[in-house]
Amino acid sequence: MFPSDSVLRFAPSPNGELHLGHAYSALLNRGMARAIGGKFLLRHEDIDTARCTPAYERQVEEDLAFLGVDWDERPRRQSEHMHDYAAALEALAAEDLVYPAFMSRGEIKAHVERFEEEEGRPWPRDPDGAPLYPGLDRHASTKERERRMSEGARFAWRLDVERAIEMIPALTWDEHGASPIGESGTIVARPLEWGDVVLGRMDIPTSYHLSVVVDDAIQGVTDVVRGRDLFYATSVQRLLQALLGLPQPRYHHHELILGTDGRKLSKSARDTSLRSLREAGMTAEDVRRMVGLPGRPADPSETALRSRGS
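Counted the way my numbering counts, the sequence shown spans residues 1 to 310.
Please note: incorrect hints may appear among the correct ones.
[Claimed, not checked] Quick list of simulated restraints, FRET-style, between CB atoms:
no.	residue 1	residue 2	range
1	D70	E144	32 to 38 Å
2	E151	P127	46 to 52 Å
3	P122	S150	32 to 38 Å
4	E285	R121	52 to 58 Å
Because the hints were derived from the structure by calculation, they are not lab data.
Backbone N, C-alpha and C define an ideal beta-carbon position, used for all residues, glycine too.
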């Protein structure tokens, strides 16, 4: 049982239709918060202004209303708080922990392919399978960086993870959920596995990792309940929390609801979208049963983490 002053949140990106996995996550978070008398917040993670739209945001809230999910306080929109993320990025820059990285995706791909062909071994990859950033411009001179930026070269702000780890050598987090490594309790963070992650871009002063830790701190989130696909990302987020002096939430990762093909559900697959299910005549109780939850919206048994979700 969580303390009665716990704060939980549901934080979708309004860039597509919510699916059954989102329904589980929202229902679980809301049910846990209501059962203990805590607070449940809604956050629209809409920093991707090219894909996130007000129409999808309205649909998110309509889907939640259909499920019987209500929330406390006005929803936070990340697009309205870029100044908060810019301040965090500036704080990291002041400690020489970020640098402008100029390699494009195509250049990274070509570099990795050339390395693998010449060396006959795979290039290191992060837990999601993406190649680590080569970091060829990590140690460029200030003069060289300023020259390229003044010429209009596109760049992203990347974390110098090796320097960051020198400052924060040991990190853990408190895990209470279904860890993909089969462990719970104290988990050792391994941010080095992610390499120099992007923390901001030349036109947007943030990224998922940076904005989520800033938002959780500002909103007073005490318990992050989310799918186990984000378990490994917690290492990066714990490092950023430590570097920025932000509080550490408790983490609860749960297994994913999968499609019939055994894959993670996608917003592009409309057969599992809440809108499609509503249009097919499904009720909120039907959806709850489909994701393995009781039919009552605020059943206290939801305070126990279940082994399915998104």
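| Hints violated by the structure (listed by number, smallest first) | Those not satisfied are hints 1 and 2.
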